[in-house]
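4 protein chains.
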Amino acid sequence: MSGAGHAAAAADPAALDALLDAARRFVRDEVIPHEAALLGGSWEAALPVLEALRARARALGLWAPFLPPSLGGLGLPLDAYARLSEVLGSTPFGLYACNCQAPDVGNMELLHQFGTPAQQAQWLAPLAAGRVRSCFAMTEPGQAGSNPVWLTTRAVRDGDAYVITGHKWFTSSADGAAFAIVMAVTDPDAPPHRRASQIVVPLDAPGYALVRNIPVMGEAGGGWNSHAEVRFDAVRVPVANRLGEEGAGFALAQERLGPGRIHHCMRWIGVAERALALMCARVASRELAPGDPLASRQAVQFWIAESRIAIHAARLMVLDAAGKIARHGQQAAREEVAYIKVFVANMLQQVLDRAVQAHGALGVTDDTPLAWWYRHERAARIYDGADEVHKAVIARRELKPYLRA
Amino acid sequence: MSGAGHAAAAADPAALDALLDAARRFVRDEVIPHEAALLGGSWEAALPVLEALRARARALGLWAPFLPPSLGGLGLPLDAYARLSEVLGSTPFGLYACNCQAPDVGNMELLHQFGTPAQQAQWLAPLAAGRVRSCFAMTEPGQAGSNPVWLTTRAVRDGDAYVITGHKWFTSSADGAAFAIVMAVTDPDAPPHRRASQIVVPLDAPGYALVRNIPVMGEAGGGWNSHAEVRFDAVRVPVANRLGEEGAGFALAQERLGPGRIHHCMRWIGVAERALALMCARVASRELAPGDPLASRQAVQFWIAESRIAIHAARLMVLDAAGKIARHGQQAAREEVAYIKVFVANMLQQVLDRAVQAHGALGVTDDTPLAWWYRHERAARIYDGADEVHKAVIARRELKPYLRA
Amino acid sequence: MSGAGHAAAAADPAALDALLDAARRFVRDEVIPHEAALLGGSWEAALPVLEALRARARALGLWAPFLPPSLGGLGLPLDAYARLSEVLGSTPFGLYACNCQAPDVGNMELLHQFGTPAQQAQWLAPLAAGRVRSCFAMTEPGQAGSNPVWLTTRAVRDGDAYVITGHKWFTSSADGAAFAIVMAVTDPDAPPHRRASQIVVPLDAPGYALVRNIPVMGEAGGGWNSHAEVRFDAVRVPVANRLGEEGAGFALAQERLGPGRIHHCMRWIGVAERALALMCARVASRELAPGDPLASRQAVQFWIAESRIAIHAARLMVLDAAGKIARHGQQAAREEVAYIKVFVANMLQQVLDRAVQAHGALGVTDDTPLAWWYRHERAARIYDGADEVHKAVIARRELKPYLRA
Amino acid sequence: MSGAGHAAAAADPAALDALLDAARRFVRDEVIPHEAALLGGSWEAALPVLEALRARARALGLWAPFLPPSLGGLGLPLDAYARLSEVLGSTPFGLYACNCQAPDVGNMELLHQFGTPAQQAQWLAPLAAGRVRSCFAMTEPGQAGSNPVWLTTRAVRDGDAYVITGHKWFTSSADGAAFAIVMAVTDPDAPPHRRASQIVVPLDAPGYALVRNIPVMGEAGGGWNSHAEVRFDAVRVPVANRLGEEGAGFALAQERLGPGRIHHCMRWIGVAERALALMCARVASRELAPGDPLASRQAVQFWIAESRIAIHAARLMVLDAAGKIARHGQQAAREEVAYIKVFVANMLQQVLDRAVQAHGALGVTDDTPLAWWYRHERAARIYDGADEVHKAVIARRELKPYLRA
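Chains as they are written, first to last, in our numbering: chain A, 15 to 419; chain B, 15 to 419; chain C, 15 to 419; chain D, 15 to 419.
Since the hints were made in silico from the structure, they are not lab data. Careful, some of the hints might be misleading.
One copy or two, either will do: identical chains are not told apart, so a pair holds if it fits within one copy or between any two.
What the hints assert, rightly or not - Subject to a maximum C-alpha distance of 20 Å in a straight line, what follows is the list of computed EDC-like cross-link-like pairs (lysine to aspartate or glutamate):
#1 414 / 287
#2 414 / 301
#3 414 / 260
#4 414 / 31
#5 338 / 123
#6 414 / 306
#7 414 / 243
#8 338 / 269
#9 338 / 349
Predicted model only: the values in this text are computed from it and were never measured.
Chain A with its partners taken away, still in its complex shape:
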C-alpha cells in the first residue's frame, strides 16, 4: 500500500488496522531476519542493510509516520502513532527503518513546530527524507541531568553569530550526524528558565570535536547506535540558527521531552511484547526432562501472567496519554506522561529480567536480542528524567492542595 493509502490511517480505524498489519509483516518478515547481524556487527556493516530496509519501508507506506504528508509522512495523530511505534519497537532497528527513531524524531518535531521556513528547508527537509541524521546536545557530564536549568555550555553573542563553548555527553547519534541542536546558555543573568537557547550547529563547524563514543554497557557502538561525548570550542554559528526566541531553550526542551518520553514508552511496550513472546516460545519448547517443558513450572507461568498484566496496564496508560496529547496538547497530559515514564520503564526492566531468567544461560548470550535490551534499556529509568525526578514531580502536584490548606 502506498504512503498516501496509509495516511488515511490518521482518521480511519480500518485503515489504521491495515497499517499495523503491514508494519507487523514488515517487522516479522524483513527486519527481524537481519536482527542478529545488525546487533552483532559494526555500524558500517549495518548501514547498507538499513538503507535497504528504509527503501522497503517507504515502498510499504510506513515512512515517517509522525510527519505530515506534506513532508512525506503519514500524518498520524499521537495515539495512532503509539500503536505503530509498539509494532516497530519490537525489534531494535524497526523505528530506524521507518525514519522515526530518536533523536531525529524529536529534532524533526522541534523543527517542524518551531523552525523558520529557512531552518525547515535547510535541516528538516533532509532529515525527513532520511538523507542525513542529527543529534541533540543537552546533557553535560559535570551537571546533574535532573536539574535541566543548570548548564555550563555558553553561547556568547558576537555580532550576527553565537560563539559556543562547552562540554556535552550522551549526545546520542552524534557520530556521523550532520548537525546538532545544542542547548547553551545565552543569558546567564536571566531567570533560570530563560537562560538557555537551542541552536543548530552543523557538525563540520570548526571547534566542534567528537571526543569519543562513550562505551555504554560494554559497547561504544557507532553511527546512529552510539552516545557521544563532544566538545564545542568557540564554535561559531549564525544567530539565525537559533530555534525560537532567545531564552526559549528550556521551554523548547520541555516541548521536545514530553513527546520524547511518550515515544520511548510506546517503543518499550513493543520491546516488552517481544520479550514476552520470546519467553513464551522458549519455555514452551525448552524441556527440563524429556516431555516436560519449562512452561509446566508455575514460577514461569506467573512471570508470564505478571508480564502480561503489566504490559496491558502500560499500553492503556500510554494510549490514554497519547490520546490526551492528540486532543488537548502536551501540556494537558503532563501528569500522565510522568506516570508512564516511571511505570513503563520499570515494567520493561522487569519483563526483560524475567525473560532473561526464563532463557537460562541462553538469556545472557547475544543469541537473542534480550541481552541487548537488558543492558541498553537499563538507561530507560535514567534518561529523559530519572524515575526519581518524575516521582518527585508527581508527589509535588499531588500534595499541592493539601499543603496549601
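We have chain A already, so just place chains B, C and D on it with the hints.
Positioned in the frame of chain A, the structure of chains B, C and D alone reads:
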C-alpha cells in the same frame, strides 16, 4: 435530583458528571461523618443510621444504580457504574447506602438475568427495594475455593423438592438475610462443570443453621457486615427455587463472579483514592519538628507518587474492562477481568500499607478507616479467585499458541 | 528442671540446649493449646489461664530468663536469651508466661541498671516476682515519634516533688498496671537531649487518667494486651521517683530502646518460624483436588523457600547483634541493631502475608493465630523507630566518611 | 610478608587481619589502578599486566590462598578464605591475580581431593603454579542445566581409552586453557546419578574444537575472560584421565559445585561492597545544584541503607556456611549453601541496580566497573543452579516432615 434525572446518566456524559458530583457530596457530607461510629459499633447500632442514609440515597437519586429503572434503579451501563462505585467505595458503607453492595448486588443480577418472573417477584423485588438482604453460599471449608467444581453440598431431588445437605462458610451477610442462593450438587455423575445447580433457600427453612459469624481479622461482625459459617441439614425447598436449568450452577457462578470481580475492583479504586487522600492530608499536617512536615521527606513523596501511578493504571484497566463488558458482554472481557482482579487487589494492599506507614502509630489505630481496610481487604487477594488462580489462567491463555505449535 | 539448673544455661551450651527443649515442650504442650481461647476472649477471662501458665513456667525453670538469679531469673546473656525468646515468641502469650514480656522487661532492665536500691525494692522486686505489671509512657499523640526529643509533657519541680502534666498514647499495658515510667520535660531550656527525665508514677496517683484503650486494628484489648491513651493532670510524685539524674531521660530511653529492639526481633523470628510451620502444614494437607496437595504448587514452594532464607538471615543477624551486645555492650552494636530492626520487621510481615495467602480464606479468619499477628505485627515497622528512621540513621553513618572527605 | 607468614592466618586471627590488610592494600594500590584498562581492552593486552600482578601477589604472600602450603598456597580454611575472597572480589581481576579464580579454583580442588598422584603431578601442579589455565565442560546447549543428570555427551570405552563425543557451552575460560575437565556419560544404562564420569581432556587433543567464544551481554571476551562453545568429536584420551571411579561424575560435580557456590557468594559480597562504596562516593560528590549533593536525597539514603543491611545479612550467611563447611564438611552445609546462592545473587543484583541508578548516566557507561558487573553478574542468578532450582530444593526439604506425616 430525582432518580429519573440521574437515570439519564446512562447515556449522557454531563448527566453522569452530575450524578458523580451528587454522589461525592453525599459521601463527603452525609456518609463519612458517620464512618467512625458505623465501624466502631455493632450492626444493631448501625442499622438505623444506615436506613436513614438509604432514605437519603433514594431521595438523591442514587439508588440501585445498576438496576433498570423498572426496578427502581438508574440503569447505568457497567462503565458508568464503575465510576460511581469508585465514589461510593471510598467509605466502607457507601455502597450499602445506595443498595449496590455485595453480595446482594450479585444476587440481584442473577435473579434479574436468570430468574423466572415468579422468582423475581418473590426475591428480586424486595431486594431491589432494600426491604430484605440475601447471601450466596458457595465456598465450603473442606474444599479449595480454587477448584469451584469440587463441592460436597448435595441437593437430592425428592418429588417437587430438593433436599439440601451441606456445610458452607464465608457465606457473607447470612446473618439476618432473608434467603441464600446455594450452590449444591444436583447430579454427582454429570461432567464436573454440570454437576451443581443454584437454588434459592429461604433462611427460615427447617434444617438451616447459622453456626457462627466467623471471626475475621479480629471481628465476627454482624448482620450485613459478617461472614457466616452455615449448615444445611436436609433443608427442603421446592424445585421451583432452582435458578436456570439443572446443572447450570457453575455457568451461573461464572456469570455472577465476572461482574462481581469488576464490582470489587471498582470499589477498591475508591478505597485506594481515599487512602491516598488520607496519606496526603496526614503528611502535609504532621510535623517532624516545628515547621517541618512529614511531606518534606522523599520516601513519603515517593509513596504518594507510586500510589498515584498505580491507581491511575488500575482505573484505566477497570474502565477498559467495564467498557468491554458493557459493549461486548462478560465473556469477551474475561482476560481483562483476570488482569484487574490481580492488579487492583495488589495495588490496593500496597497503597493501604503505605498509608498506614505514613500515619505512624495513628495508622494502626481505628481512629482512621485505614486499619479497617488494611485487615478486611487483605482478603481481596483471596476471594473471587486468589491471585494465584488468576495468574495460572492468564498464563495458560498466553502460552496456548506456543504449546500448540 | 529447677531455675537454678537452667541458670547454668548462661555458660554451658548443653544446658542451653536443655533449656530450649524445655521451653519448646512448654510452648507446644501447655501454651499453644490455650492460644485460641486466649486470643479470642477478654483479658479477664485470660488472666487465670495466664497465671497458671506462669506457675508452670516457674516450676519448669523458665522464669524471667534475662534477670539475674538474685532476682529470681536465669541470668542469661543476651545471645542465649535471644534463642529462648524465639521459642517463647512462637505463641502470642509465651513471653508473658515467663515474665519477659514488653513493656515490663524493658522497665525491669531500666530499674535493674539505673534504679536506686530503694527504687528496686519498691518497683523492681514486685515486677520480677510477677506480682504487678508496669508500662512506659513516652509517645505523645501530637508529636512525631521519630523525633524523640520533641515532647510536651512537663514535670515541674515543686519542692521535693515533680508535678507532671501531659498527654501520652501507646502507653502499652497501662490498663491494670501498677506504675508507669514517664518521659517528661524537666528542663525545657536545656539542650534538646538533656531536657527530659524518666520518672516513676504510681497509677493510683491523683490526676492520672486512662482515657481509653486505643482500638488498634479492630481491638481495644484489655489489661496487658492493650495500648492506652493516658493523661497526667498535675500528678504529684516525689523527686525520688526519678530514674538517674535530671536530664538523663533521653539517654535512658536509648538504653531501654536498644535492647527493646533486639527483644522484638528475637520474638519476631519465633513468630515467623511458627507462621512458616503453619504454612507448611496447611499446604501439605490442603488438597486442590483429591490427592493433589497445595504443596505441589511451585508458587507455594517458593514462598516457603523465600521465607526460610529470610528467617535464616534474620536469625544470624539477631544472634550476631545479641552476641555483640553481650560481649561489648549496647553502644557497640548500635548499627547492627538498626539493621535488624528494619530487616526482621519486614521479613516478618512478608512471611505472615505469604502464610495468610497460603491458607486462603482460612488465613484471614481467627481460626489460626496468623490473622492476629498479621494485624498486630503491622506495627512492627512503626514502633521503636519506624523503618524510615532507622534507614536514615544507617545511611548517615554510611555516608559520613564520604561527606567528610 | 611472606607466604609462609600469611599461612599462619589459617589459625591466628591477628595473622588473618594482617593478611586481609595486605590484600586490601594490594587491591586498592595495585589492582584497581589497572581496572579500567583491563576491562576495556583485549585479553592479549591484559595478560602482561595480569602476569605482573600475579608476581606481586606471590611476593606479598597472597598466592593461592585455598591451596595447602605444600602446593604453594596459604592453606586457609573456608571461612578465612571467604573473608579474603570478599576483598579480592571487589575488583574484577583480584581473584585472578592471586590464582584463586573460577573455574581453575574448582578444578584445583577436584584434583587435590580426588586426583591420583599422577593426575596431580600432571595437571594440578602447573595450575597451582599459575603456569596454565583450565576449564570445566559440563553445561550443554540442548539440555536444561537444572537437570544435571541429563547429558548427551558420551565417553565410550575403547580399550585403555575413552572416545568422547559431545557439544558443550559455557565452558568458561576454555579459550587458551591447557585442559578441560569434561562431564560425559560413561554408562547410559546406569541409574541417572551414576551415568557420567569426569575426564580430563587436554585441549590439544585431536577432535576438540572451540566453536566460538559466546557473545555474552555484548562481549565475546577472550582468554580467561570468556565463555566458550566447544565440540568434542571422537576425542581420544586415556582411561587414566578419569577422575575418581567410573560413574562418579555427578557426585564429583556436587563436590565441585558446593564450594563453587560459596566461592561465588564470597566474591559477590566484595562486588556489592565496592558498588556501595562507589555509590556513596558518587552521591556525596555529585551536586544537584551548587552545594546540594545527591546524598541529601532520602531515596538515595534509603538505597544505601537497604544495601548495607542486605550486605550485612549476606556476609553473616556466607561466613556461617563457610564455617560450617570448614568444620563439618560440604554435605553438612548443603541447605545453607542453597540459601546463600539465592540470597546473595539477588542482593548483588539489587545493590548493583541501585548503584547504577545513583550514578545516573555515568552508571550505564563503562567509566565505572558498575556496568560491567551489572551485565556480567546478571548470570549470577542463573549459573551454578538458577534461583528457581535452589528454591525448589529448599522447599522440598522444608516440606518433607509435613508431607510424610
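Comparing the hints with the structure gives:
Taking CA atoms no more than 20 Å apart as the test, residue 414 paired with residue 287 passes between copies only; the shortest distance there is 16 Å, against 37 Å inside one copy. Taking the shortest alpha-carbon separations for residue 414 and residue 301, only the inter-copy value of 16 Å comes in at or below 20 Å, while the best intra-copy value is 55 Å. Neither within a single protomer nor between protomers do residue 414 and residue 260 lie at most 20 Å apart by alpha-carbon distance, with minima of 32 Å and 44 Å respectively. Taking the closest pair of Cα atoms, residue 414 and residue 31 never come within 20 Å of each other, the shortest separation being 42 Å inside a single copy and 24 Å across copies.
For a Cα distance limit of 20 Å, the shortest separation of residue 338 from residue 123 inside one copy, 18 Å, qualifies, whereas the shortest one across copies, 35 Å, does not. In the homo-oligomer, the alpha carbons of residue 414 and residue 306 lie at most 20 Å apart only across protomers (16 Å), although the nearest pairing inside one protomer, at 56 Å, exceeds that limit. In this assembly of identical chains, residue 414 and residue 243 lie within 20 Å of each other by CA distance neither inside one copy nor across copies; the values are 39 Å within and 33 Å between. Taking the closest pair of Cα atoms, residue 338 and residue 269 come within 20 Å of each other only inside a single copy of the chain (15 Å); across copies the shortest separation is 34 Å, beyond that limit.
In this assembly of identical chains, residue 338 and residue 349 lie within 20 Å of each other by CA distance solely inside one copy; the values are 11 Å within and 26 Å between copies.
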